[in-house]
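The chain contents come next:
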Amino acid sequence: MKVKLENFKAAVKTLTEQFGMSHLSTITGIDSGENIDVHYHFWKGDVITSVKVSVPKSSRHVPSIIEIVPGAILYEMEVHDMFGVFFDGNPWMDRRLLLPDNYPQDLAPPLLKQTKPADIRKAVGVER
Amino acid sequence: MAERRETRKEAGAGLIQYSTENLVPFGPIHPALKEPEYFKLYLRGEMIVDVVPRIGYVHRGLEKAAEQRRWTQNTFMFERTCGICSFAHSLAYVQAVEGLTPYEVPRRGLYIRLIVAELERIHSHLLWVGLLGHWAGFDTLFMWVWRDREIVLDLVEAIAGNRIHKSIAAIAGVKRDIPDSMKNKIVERTKYLADRAYFYKHIVDTESTLLARTRKVGNLKAETAQKLCAVGPLVRCAGLARDVRADDPYAAYGDVPIDVVTRTEGDVHSLLHLRLDELVVSANAIDYALEHMPSGPVRLKIPPTIPAGEYASHVEAPRGELFYFVKSGGGPNPERVKVRTPTLANLPTALELLKGYTMADVPVVLTAIDPCFGCMDRLSFVDLDSQKQWTWTGEELRQFGIRYYFPERTI
Chain A
1 MKVKLENFKA AVKTLTEQFG MSHLSTITGI DSGENIDVHY HFWKGDVITS
51 VKVSVPKSSR HVPSIIEIVP GAILYEMEVH DMFGVFFDGN PWMDRRLLLP
101 DNYPQDLAPP LLKQTKPADI RKAVGVER
Chain B
1 MAERRETRKE AGAGLIQYST ENLVPFGPIH PALKEPEYFK LYLRGEMIVD
51 VVPRIGYVHR GLEKAAEQRR WTQNTFMFER TCGICSFAHS LAYVQAVEGL
101 TPYEVPRRGL YIRLIVAELE RIHSHLLWVG LLGHWAGFDT LFMWVWRDRE
151 IVLDLVEAIA GNRIHKSIAA IAGVKRDIPD SMKNKIVERT KYLADRAYFY
201 KHIVDTESTL LARTRKVGNL KAETAQKLCA VGPLVRCAGL ARDVRADDPY
251 AAYGDVPIDV VTRTEGDVHS LLHLRLDELV VSANAIDYAL EHMPSGPVRL
301 KIPPTIPAGE YASHVEAPRG ELFYFVKSGG GPNPERVKVR TPTLANLPTA
351 LELLKGYTMA DVPVVLTAID PCFGCMDRLS FVDLDSQKQW TWTGEELRQF
401 GIRYYFPERT I
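First to last, the protein sequences are chains A and B.
Going by this note's numbering, the residue at position 19 of the first sequence is 19; the numbering climbs one at a time, nothing skipped.
Going by this note's numbering, the residue at position 237 of the second sequence is 237; the numbering climbs one at a time, nothing skipped.
If a hint is listed, it holds; no wrong ones were tucked in.
Sample of chain A residues facing chain B (criterion: CB under 7 angstroms; computed from the structure): (1) L24; (2) T28; (3) H41; (4) G45; (5) D46; (6) I48; (7) G71.
In silico DSBU-like cross-links for lysine-lysine, where the CA-CA straight-line distance does not exceed 35 angstroms: (8) K301/B / K52/A; (9) K122/A / K52/A; (10) K191/B / K44/A; (11) K221/B / K13/A; (12) K175/B / K116/A; (13) K64/B / K4/A; (14) K301/B / K44/A; (15) K116/A / K57/A; (16) K13/A / K40/B; (17) K44/A / K64/B; (18) K52/A / K64/B; (19) K221/B / K44/A; (20) K64/B / K57/A; (21) K44/A / K227/B; (22) K40/B / K9/A; (23) K40/B / K122/A; (24) K221/B / K191/B; (25) K44/A / K201/B; (26) K13/A / K44/A; (27) K113/A / K4/A; (28) K9/A / K227/B; (29) K227/B / K113/A; (30) K116/A / K9/A; (31) K113/A / K301/B; (32) K2/A / K13/A; (33) K227/B / K52/A.
It should be emphasised that the hints constitute simulated quantities derived from the structure, not laboratory data.
Here the structure is a predicted model, which is why all the values come from computation and not from measurement.
Here a beta-carbon is modelled for each residue, glycine too, at the ideal position from N, C-alpha and C.
The shape of chain A in the complex, shown without the other chains (with noise of 0.2 angstroms):
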C-alpha cells in the first residue's frame, strides 16, 4: 500500500486503530534511487501489510510514528543509522543504535548504494 508522505501518519492511525494492526514487524528503508523508499510493515493473523512512502534523497524526513505504536523506536533509529532518515518527533535521533562511533559523519549513511563496502571498511579501520 503506497501512501503519501501527507496522509502517511492517518493511513497508520486508521490501520492500527480501525483494522487493529497494531503489531509493527519492522521498517525496512530501500534506495530506489532518486528517493528513499521506508516500508512499514504491520502483522496480523495470516496478512502482513506494508505501509509505503517515498521520500526524496535531498530531504530525508518522515513523520515518527512511536506515538502511535510506541514499539517502533528502535527500527525507527535503525532506519536513521542506515539511511539517513530523520523520524521527525522521535527523540532518540541524536545518537547512533547500531552503526559504529567512529563512523564518519561526512560518509553517506552504509546502506545506500552510493557507499561502497570498501569505504566502509576504510572509514571504521578494519581495511586488510
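Chain A is fixed; fit chain B onto it per the hints.
Just chain B now, kept in the frame of chain A:
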C-alpha cells in the same frame, strides 16, 4: 514519570550522551556470543529508574554484504546471523525468495523443514532454561539441561550433517532427506526429551532458588507487550496467543497441529513453564510430522536468477517472529535484504520490564527475553543520587545477584 525526567536533566546532560572516553566498553565480545548489547542503567539506590540501550557491537553489515552476493550464497551467509536459530534465518530467507518465484516446494521438503525447525526450537529452549539456571545461581539445572541439549544436537547432526549451522535449507527445498531408518531413533529421543521437560517443570515449581529469583520478577502486561510490539514467548507469557506457526502457517505447519501455549502471569517463572511446555509441543509436532511425511523429492532445481519483485516473509524462530524482506531486480544478486531479529523486537519490552526492579534482578530479567547473552557482558551503572558511575562484567553482576538474594551462600 515527570519527577524522573527532572532528575535526569539536572544530573547533567553529559551523562546521557554517549562518551567514547569512559562508557563504550572495549572488547565486550566473546566469539561464542552474537549479540553483545550495552545497557546504561540509571539507578536510585537499588532501584532501576531508566535504561538506555546501545547495540551494534557485532553489527557485521550482512544486509550490505547480501547485495554483493548471489541468491544461493546468501542462504548460507544469513544462516550465520545467529548460532542458535540458524535454521530459522535460512528458512525465512529462502521463503522470502521462493515468494518471488513461481515454483512450488516439494511437500516432503516442507515436512523436513518443520522437523529441523522444531528440533532447533527444542535446542534453543533447553539452552535458555539452562542459562536462566546459571544466572539465577542454580548451576545444577544448567548442567542437567545442557546434557540433554547434547541429545538434540546429535539428532540435528544426524539429519543435517552439522550441529550448529545446519545448512540444510535451500531455495525451493532442503538439501538432505531424512531416511526412514532414522525415524525410530528420532521418535525415541524426542520422547525422552518430553519426559525430561516434565521433570524440569517439577523442579521449577519446587526448587527454592529458582522460586526466589524468578517468581514475580518481571511483570509483563498484555497491553505493554502489544504496545511495544513484543514477539515470541515473551508476548505469549503475557496472555496473547500470537505465534506465526499457527497464525500464518509456513512449511508444513498447516498440516501439523500446533498448540499455542499461553500464560497470564507475565513473570520469569511463567516463562520457564511456557518454554518447557512449548518443548513438549515441539516434540509432539516432530513425531506427528515423521509419521505423516509424504514421499517424493525434497528439492527442485531452479535457475540462479530470481524474478523482480518484493516479498516479505516471517517465521516463528525460537525467540519469536523473525522477519525477512527481499527485493529483487531480476538479476543474480538481491537488491535489498532486510532482517529483523526477535531480540531487537523484544528489546523495548525488556527495557520497560527492568524499570522498578533492583540491580540484582537484571541478569534474570534480561535473560528472560532470551537475548544472546553477550548482552550482559558489560553494564554501566549510574547512581542518580551520588552521580557515581561504574561498570560490571556479566560474571560480577551474576555474583552480586546471588549474594543479594542468598547472603549466606558461597559462590
